[in-house]
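Based on the sequences and whatever the hints tell you, model everything.
There are 2 protein chains.
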Amino acid sequence: MAKKKRKSVVVIGAGAGTFTVLSGLKKYHADLTAIVAMTDSGGSTGMLRDELGVLPPGDVARCLVALSTSDKLMRTLMDYRFDNGNLKDHRFGNLLLSALEKTTGSFERAVERVGDILRIEGRVIPSTLDKVHLMAKVGKRIIRSEEKIQMTKMNGSLERLWLEPVARANPKALQAIREADGIVIGPGGFYTGIVTNLLVRGIPEAIRKSKAKKMFVCNLMTKMEHTRNYSVADYTAAVEKFLGGAVDAVVYNNRKPSARLLKRYAREGDSPTSWSSLPEGPELVGANFLSERETTFQKIGTPSKEASLVRHDPARLAAAIAKLVGVKKKKKPVAR
Amino acid sequence: MAKKKRKSVVVIGAGAGTFTVLSGLKKYHADLTAIVAMTDSGGSTGMLRDELGVLPPGDVARCLVALSTSDKLMRTLMDYRFDNGNLKDHRFGNLLLSALEKTTGSFERAVERVGDILRIEGRVIPSTLDKVHLMAKVGKRIIRSEEKIQMTKMNGSLERLWLEPVARANPKALQAIREADGIVIGPGGFYTGIVTNLLVRGIPEAIRKSKAKKMFVCNLMTKMEHTRNYSVADYTAAVEKFLGGAVDAVVYNNRKPSARLLKRYAREGDSPTSWSSLPEGPELVGANFLSERETTFQKIGTPSKEASLVRHDPARLAAAIAKLVGVKKKKKPVAR
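If you're matching them up, the sequences are chains F and V in order. Position in the first sequence counted from 1, then plus 18, gives you this note's numbering. Position in the second sequence counted from 1, then plus 18, gives you this note's numbering.
In case anyone wonders, no lab produced these hints; they're calculated from the structure. Among these hints, one or two may not hold up.
All copies of an identical chain are treated as equivalent in the list; a pair is satisfied when it fits inside any one copy or across any two copies.
[Stated by the list, open to error] DMTMM-like cross-link-like pairs, simulated, lysine to aspartate or glutamate; straight-line CA separation at most 20 Å:
1) 158 <-> 243
2) 106 <-> 69
3) 90 <-> 134
4) 348 <-> 258
5) 106 <-> 68
6) 25 <-> 139
7) 155 <-> 97
8) 120 <-> 89
As structure tokens, this is what we get:
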């Protein structure tokens, strides 16, 4: 067989959503690069930032795990959360990245080294190496830090969203975007995850200039505080605003999650993203992208902890993205 | 060249002293096994025991680092000590072992896995897998835990030293002892490190029965609280008492550390081990075993942080042990 250059796919995001995209796409013949938000300031990551002065490890750690080809134990270890004493709530993967940043003096080298340990296929690139915080002006209030912004009700009055100090793009992120055949934006925490990458100076410009197919994977749910009642059209318009340009395709779910789950979300004021209003312009890929765990639950009716969140199904989401970019599935599946 | 079976050397100990022996011996053609004390209850290790209910990782971590053939960064990472916030004073290597113990459910598997990550040559075996504490009866007082015993002045009135609950030997430790060609006991914290291995049920018996050459590496210094004014003969007698039998050889230092260093130790009431009284019976190997860092300092007169402790020189100590066991140096030195 003739060896062709693999297509390169860049996934831009933050936490769980990007984990899902990467987990699915790693079963395809594509060179994967994750460009990861660097604004997390809560939980274990927030404590490490405050106490050690390190860059935020959490989202990067999750992406490294997503691309890992090592055995399950190493991935379980990375996700292990200490449950007691002074270490309570710290994730082991975060401690590993922070300790390596301290010993090497470089977050980038720490990320590379953990990539070696986890035998990742692909690359994980922090969108910026500057120590920044997310800032929001909501009405007349200015709110500092992702953690606080996450809890702030915007009620449609988000005036401005920016990073402080100004974040310069990681040159490796820009290069990956330039060379990409496909760029996947989302899904994930919207204003506090996905969009924060687009606030890094140089990144939206690079995406706009890139010849890659630009795909937006729309969130399954809306979040009362930030994206209340957003439709697929609203989400897409918001992404395009921060991008300063249009996306080529939008991948959206068109199946309603179970009443049981929706009830749980409704308690927080969250509802499923409506597909009654769709963007005009981009190619539209609407399908049932709900996680099988949830759909299995709907069929069998046995609740489980894993079926308690509305999530994308990694396999079906990856298949849709792969079709848009034009990459094929690997014959031998990667060990999971 | 005909391939001969390598000789097997078992090193029994705890922290820094055992690290030194292993670091030196790994440059020799020998199958190395470290059998490590499991009674540490202070510092980072003590916090982890208290808060997570794990087995003590500290001494095991140090031995794993000693046998590592991975690059310097991994070893530096293992020794990295967090210096701030809730993580303050925790060593990364300890967190790694404890998180792995939690995720695998087995300290032994955690040790094996870290051994893989660090690409160790040799084996590290906890002397027991029971959760035990060191107990001491000093005069009429009963003191619980290694950390507290370490600070207790014994003044020659140590009535009894034992483990609670009764510690059963790790079967792998017994097997290694049975199959050993050489057994090295010490150096290291005496009653709170070296000897605690000999309190594990089955270990002294196995050593006595083993056909291995039994070598005691005598401590360079005495410790005011526990081994005040001990001579080489006193140390040897104490080891033989806990062993319930004789050793075949005693390796002791016969060069006085610098006045500068001795002054520093004298403040704590510690003094160099006297070689004016030597044991009768065992083969005696007396030489200058002081760390070159200290001897270099004596020659050049430039103080350094590393020259602030009286330590064995790993190379000369290993050469003496190797000669006693009959193993040769590797031609290509192991990367350090």
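Taking the hints in turn, this is what the structure says about them:
Within a single copy, residue 158 and residue 243 get their C-alpha atoms as close as 17 Å, which meets the 20 Å cut-off; across copies the closest is 66 Å, which misses it. Taking the shortest alpha-carbon separations for residue 106 and residue 69, both the intra-copy value of 15 Å and the inter-copy value of 9 Å come in at or below 20 Å. Taking CA atoms no more than 20 Å apart as the test, residue 90 paired with residue 134 passes in both settings, with 15 Å inside one copy and 15 Å between copies. Taking the shortest alpha-carbon separations for residue 348 and residue 258, neither the intra-copy value of 32 Å nor the inter-copy value of 64 Å comes in at or below 20 Å.
In the homo-oligomer, the alpha carbons of residue 106 and residue 68 lie at most 20 Å apart both inside one protomer (16 Å) and across protomers (13 Å), since each shortest distance falls under that limit. For a Cα distance limit of 20 Å, the shortest separation of residue 25 from residue 139 inside one copy, 14 Å, qualifies, whereas the shortest one across copies, 41 Å, does not. In this assembly of identical chains, residue 155 and residue 97 lie within 20 Å of each other by CA distance neither inside one copy nor across copies; the values are 34 Å within and 44 Å between. For a Cα distance limit of 20 Å, the shortest separation of residue 120 from residue 89 across copies, 17 Å, qualifies, whereas the shortest one inside one copy, 26 Å, does not.
Figure legend: structure checked against the earlier numbered hints; hints not met, in rising order: 4 and 7.
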